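Asker: What follows is the residue order along each chain.
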Amino acid sequence: MSRLRDIAVLTGRNLVHIAREPLQLSDVTVQPVLFTALFVYVFGAGVVLPNGRSYTDYAIAGLLALNLDDVVDGDGRRAQHRSLDRHHRAVPDAADVAPRRARRPVAGRPDDRRALHRDRRAHRPCDRLATRRRPAPGARRVVALLVAFAPLATTLYRRRTTE
Amino acid sequence: MLGPNGAGTTTAVRILTTLTRPDAGSARVAGRDVVREARAVQRQIGVTAQDATLDEVLTGRQNLVMIGRLSGLRRADARARATELLRRFDLVDAADRVLREYSGGMRRRLDLAAGLVTRPPVLFLDEPTTGLDPTRR
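Read top to bottom, the protein sequences are chains A and B.
Quick note on numbering: this note's numbering labels position 158 of the first sequence as 159, and the sequence is numbered without any gaps.
Quick note on numbering: this note's numbering labels position 59 of the second sequence as 260, and the sequence is numbered without any gaps.
To be clear, the hints were calculated from the coordinates, so they are not data collected in a lab.
In silico contact screen, one side only, chain B against chain A (beta carbon under 10 Å); selected entries:
1) Asp-256
2) Val-258
3) Leu-259
4) Thr-260
5) Gln-263
6) Val-266
7) Met-267
8) Arg-270
9) Leu-271
10) Gly-273
11) Val-299
The calculated label-pair distances, taken between Cβ atoms and stated as ranges, are:
12) B/Gly-306 to A/Val-31: 36 to 44 Å
13) B/Met-202 to A/Ala-9: 31 to 39 Å
14) A/Leu-16 to B/Ala-225: 44 to 52 Å
15) B/Gly-306 to A/Val-41: 47 to 55 Å
16) A/Ile-8 to B/Ala-281: 19 to 27 Å
As the structure is a computational prediction, the values presented were derived from the model and not from experiment.
Using N, Cα and C, we set each Cβ at its ideal position, and we do this for glycine too.
Only chain A is shown next, with the shape it has when bound in the complex (with noise of 0.2 Å):
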């Protein structure tokens, strides 16, 4: 329940954001379609399985489970825990929390400070690459959804072996 609430809240939060900063919206609408078809099309394509089976099956469950994870539990925890990490300021976003990430300039001016936002604006996919996926305390919670999410992947494989 209380993981509801916490999704409720942050999305709130995300709505929030994306009325202030409409650029925001390509977080929740282009970058999904254009990372699954970097995946699928791009990545998928030099990817060869065993026994004629399709990387694109495990993609599509992968990149649920990967996403499911972030919005979970990455941005969750962050905001509870006011985490003193540069890279993860209080709250707030892969459909995104909180806010973004290094939240303080070194100095304390107004110019500094709208320089940093900028900056961080125009970094913002590479800097979610780089710091949100790190492989600790999350690695397992991001296997077991994995694990979790394989009898997707195996439905999509049945059925496109059966059509």
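Start from chain A and add chain B according to the hints.
Answerer: Using the frame of chain A, we list chain B on its own:
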């Protein structure tokens, strides 16, 4: 927590707040081991870090309400607590302004307020007066 630059105050705070795992030794907060009972420790503490940890896109009030909600308060309670803290830290006039419009001192005060939202039995303040003017200190 105060100390000379490089003395390790932030590291000590990170260990005591379960954000960093110690290489050796042990520490207890509110009677709980910070390694073996990390979850229990987290429920007992509030943290105000050296750097601001709030959402710059939200208003001061929204930040406090969100932290309260994520900490388990009901919506009405979180709002009431946010109003109370904004008044106590003299931020009522700026309560509905987006955080990025705050001055450094105002951010610091809001950060301190955020650490008090849940009335934690143990509160860690890592150099809490940084950025505050002499009167506020």
